[in-house]
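Protein chains: 2
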Amino acid sequence: MKTEIAAPRTHLYEQVAEEVAQLIGQRILRAGDRVPSVRKLMAQKGVSRSTALQAFQLLEGRGLVEARPQSGYYVKPQREHLLPEPEHSHEPDTYDQIELEGTAAKVAEVIVSFRHHPEYAPFGVATPSPQILPNRALNRVLAATARQAGDAGNNYDFPPGHVELRRQIALRAPDAGYQLAMDEIVTTFGCMESLNLALRATCHPGDCVAIESPTYYGLLQALESLGLSAIEIPTHPQNGVDLLALEATLAKRKVAACLFATSYNNPLGSCMPEENRRALVQDILAPRGIPLIEDEIYADLYHGLARPKSCRAFDTEGLVLVCSSFSKCLAPGYRVGWIVPGRFGQRVQLLKFMNTLATATHPQAAIADFMKSGAFDHHMRSLRKRMREQVARVSEAVAEYFPAGTRVTRPAGGFVLWLELPGNANALRLHQRALAEGISIAPGPIFSAGQRYQNFIRLSCGYPWTTRLEHAMMTLGRLAQA
Amino acid sequence: MKTEIAAPRTHLYEQVAEEVAQLIGQRILRAGDRVPSVRKLMAQKGVSRSTALQAFQLLEGRGLVEARPQSGYYVKPQREHLLPEPEHSHEPDTYDQIELEGTAAKVAEVIVSFRHHPEYAPFGVATPSPQILPNRALNRVLAATARQAGDAGNNYDFPPGHVELRRQIALRAPDAGYQLAMDEIVTTFGCMESLNLALRATCHPGDCVAIESPTYYGLLQALESLGLSAIEIPTHPQNGVDLLALEATLAKRKVAACLFATSYNNPLGSCMPEENRRALVQDILAPRGIPLIEDEIYADLYHGLARPKSCRAFDTEGLVLVCSSFSKCLAPGYRVGWIVPGRFGQRVQLLKFMNTLATATHPQAAIADFMKSGAFDHHMRSLRKRMREQVARVSEAVAEYFPAGTRVTRPAGGFVLWLELPGNANALRLHQRALAEGISIAPGPIFSAGQRYQNFIRLSCGYPWTTRLEHAMMTLGRLAQA
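Chains as they are written, first to last, in my numbering: chain Z, 15 to 496; chain V, 15 to 496.
Calculated directly from the structure, the hints in this document are not laboratory data.
No incorrect hints appear here.
According to the in silico footprint, chain V covers these stretches of chain Z (three or more CB under 8 Å from chain V):
{"hint": "1", "stretch": "151–158"}
{"hint": "2", "stretch": "213–220"}
To spell it out: a stretch of chain V is covered by chain Z in this simulated footprint if at least three of its residues, at any positions, have a beta carbon under 8 Å from a beta carbon of chain Z; those stretches are:
{"hint": "3", "stretch": "145–158"}
{"hint": "4", "stretch": "218–229"}
{"hint": "5", "stretch": "235–248"}
Sample of chain V residues facing chain Z (criterion: CB under 10 Å; computed from the structure):
{"hint": "6", "residue": "Y170"}
{"hint": "7", "residue": "D171"}
{"hint": "8", "residue": "N210"}
Just so it is clear, CB atoms sit at the ideal spot from N, CA and C, and this is done for glycine as well.
Whenever a hint applies, use it, and build me the whole structure from the sequences.
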């Protein structure tokens with residue numbers, strides 16, 4: 015006689031895992047949330063350490079959570095919430111004259127809306143929330159440096175700029191895969207000034223610059239204001255600039271410089287693979303003597319374990335001009351950035367002098383002290399985690415509230431998402447309607463000289479997730495349906 | 015019987031006056047020195063108040079001293095030490111392409127020499143000595159604003175910039191003869207950025223700009239870097255731009271903008287009379303629709319009783335763009351300036367955004383607080399006196415130590431002197447030889463796109479007079495002989 019088959023026996027660790035899985039399924043725990051620690055689970059469920067660990071391994075195997083070194087387990091974005099990414103962009107487009115009346119005027123209008131961001135749900139301007147920056151600590155450092163500065167803080171700090179700040183920047187270059195002497199750095203009033211200097215050092219009015227498509231609107235404005243024309247190169251949401259399309263373009267047309275944000279570009283969030291960087295610098299640009307202006311402003315905000323290498327790591331000709339700043343990670347209001355201008359060093363120093371004479375002394379000194387003390391690296395470690403979590407939250411809300419057919423990027427760094435809305439969505443109209451509901455977003459057409467991307471929007475994830483933001487995303491999703 | 019005629023009777027006040035006159039004659043008291051006060055004279059000589067006053071009136075009548083309101087009597091520059099001024103400059107010169115390899119490269123070289131100024135006798139760079147700026151007081155204000163700022167100090171302060179700073183600037187516009195709303199001001203990273211924005215708002219690459227001759231070398235560099243050409247208009251050491259020459263130029267050639275430092279321009283120190291300002295703005299520029307970029311950076315450093323009016327006071331068309339900063343009077347290292355862009359307001363705001371995004375928050379806040387407290391106006395009153403004295407000292411040393419035939423300007427404001435050396439003097443060579451002796455000067459050719467002014471030099475009088483400076487002037491005079 016056969017014994018009745020018992021209900022399949024469930025191991026204790028499976029039960030524990032199932033309880034956590036239900037929390038995730040019910041969206042009580044969400045993508046980016048930390049799940050209770052092993053220790054907490056042991057106490058909560060009265061299980062052994064090995065049971066708790068087995069439960070996590072099971073959850074990890076099912077793709078529900080992921081381990082982060084020295085931090086614990088976190089809820090992964092769920093497959094049903096992983097929307098497809100936008101498609102690879104269009105064929106190269108040339109804009110011989112970037113018209114202020116076109117893109118830039120639209121941009122200006124949108125920027126005005128960003129100014130109000132304390133009152134708006136802040137998905138518009140790509141800036142980190144003041145809440146997640148060490149403002150008070152940094153301001154205390156500034157106060158201390160100001161008190162101690164004596165006369166020095168009030169003198170011109172002529173280019174190349176603050177000695178200790180340049181030393182601190184040089185010390186961190188190996189993270190980006192290259193060695194740097196402090197004399198190779200020129201400090202600036204932020205990445206916008208760095209980009210302006212780089213463009214002015216490498217191009218003359220009327221020249222054509224190859225850029226990513228879509229690209230940061232501020233860059234389009236800078237090109238316009240310098241009388242430069244642009245050629246927009248198709249850019250992949252994961253791999254960045256399409257090198258074949260770039261080569262085809264270069265074969266047809268004289269390009270004075272390339273300007274690419276190779277690591278987590280704004281708005282796509284793409285990150286060029288290392289092999290592509292090498293090929294870009296050594297096989298494509300060096301033989302043609304074309305400079306690469308590399309916008310690295312988001313590069314330190316990697317979500318993974320290591321910073322992507324800079325293209326400068328592959329440069330033997332001094333043709334790469336690296337531009338960056340502290341605006342996205344530490345101190346937007348301090349306006350301190352830098353440029354590593356390669357063989358254009360002398361010209362860049364002179365242009366810096368011509369543009370703004372010198373970078374302000376005290377803000378540079380404060381940031382240098384903050385870096386020297388170790389506080390900066392400590393802050394960056396926690397900021398990267400936060401940014402990853404915030405991106406996951408917004409991403410999940412898009413999946414939950416936006417119309418079917420919406421596509422969204424999956425950036426491996428930075429803090430912006432690029433959404434393709436289905437059908438005939440009109441991003442500029444959505445921007446207006448969202449503003450009316452107290453929500454700021456950045457409409458797609460401002461990211462292209464030709465006002466492409468009519469049905470795209472960029473969402474900044476610079477702010478910690480709150481119920482208010484969740485409601486705003488709900489509203490935005492509803493508006494996007496219409 | 016006639017009584018013997020007594021030796022002509024000398025009044026007591028005449029004796030007292032004579033004693034002071036001897037001190038001046040022996041150069042123990044020098045131009046710009048304060049002579050002992052009425053009270054001191056009463057005590058020193060045991061004379062009555064009215065005797066002391068009579069003595070001063072006598073000295074004043076003889077042109078030895080001058081009264082300054084609420085301050086006392088000062089030694090006047092003596093006739094024998096008043097060198098002739100340089101002649102009115104040459105015919106208009108056009109430079110269709112300002113060559114980096116020419117002027118700008120020379121300038122770069124000279125600027126490098128300015129950087130070492132702590133070790134050099136500082137007649138080179140036109141910056142006030144840190145000793146005469148309220149660095150510690152201002153740094154304390156910065157420290158306080160930084161400590162109190164909370165999150166605000168670290169946010170972007172998007173154009174038009176800091177509200178309280180703009181209010182403080184607007185409050186002082188009536189001193190320059192006009193009313194200003196704070197919304198008409200855009201804050202910048204100093205006057206160089208203001209001038210860049212003004213040029214970019216009014217000109218396109220290839221356009222021609224009318225400038226003074228000689229003119230500030232930084233301006234020539236800015237024009238060069240923007241691909242603009244220059245036409246140098248003859249400029250009078252006292253009255254500024256020659257309006258007849260300007261009109262003749264405008265009749266022959268299309269000019270996109272004029273860029274003049276109407277009040278104490280650098281290096282001439284000339285100040286345009288009010289009637290010329292009116293004629294320039296209303297009769298010459300307005301009918302032609304030509305914008306005037308007015309560099310006012312030295313305007314607040316008047317040596318007389320009142321600030322010269324800005325050309326903006328005569329502007330009914332919004333064609334005047336006023337550019338200024340705090341770099342010459344308060345805080346070179348803070349890098350805070352502003353522009354009043356008239357009808358070009360929207361374009362200037364956009365260009366500011368494109369160039370450097372926003373002006374740094376804390377330095378603006380600190381200067382605004384400093385102004386609000388009254389400390390700024392108090393400081394300016396004493397700074398103006400000091401600058402006048404320092405200019406008189408250097409001027410007198412030129413008369414004493416420089417070769418016969420040297421000519422020198424007599425500026426009514428600012429703190430630079432422009433010297434014409436006799437014969438075949440070579441200013442660039444003098445600059446090199448002076449550096450070798452530890453003296454920094456600015457050679458004339460860098461003040462012209464065509465490297466005119468081969469035998470001119472500019473001396474900055476930004477530092478308090480010391481024996482060291484006197485020795486440096488002695489050495490410089492000797493080098494100029496050779």
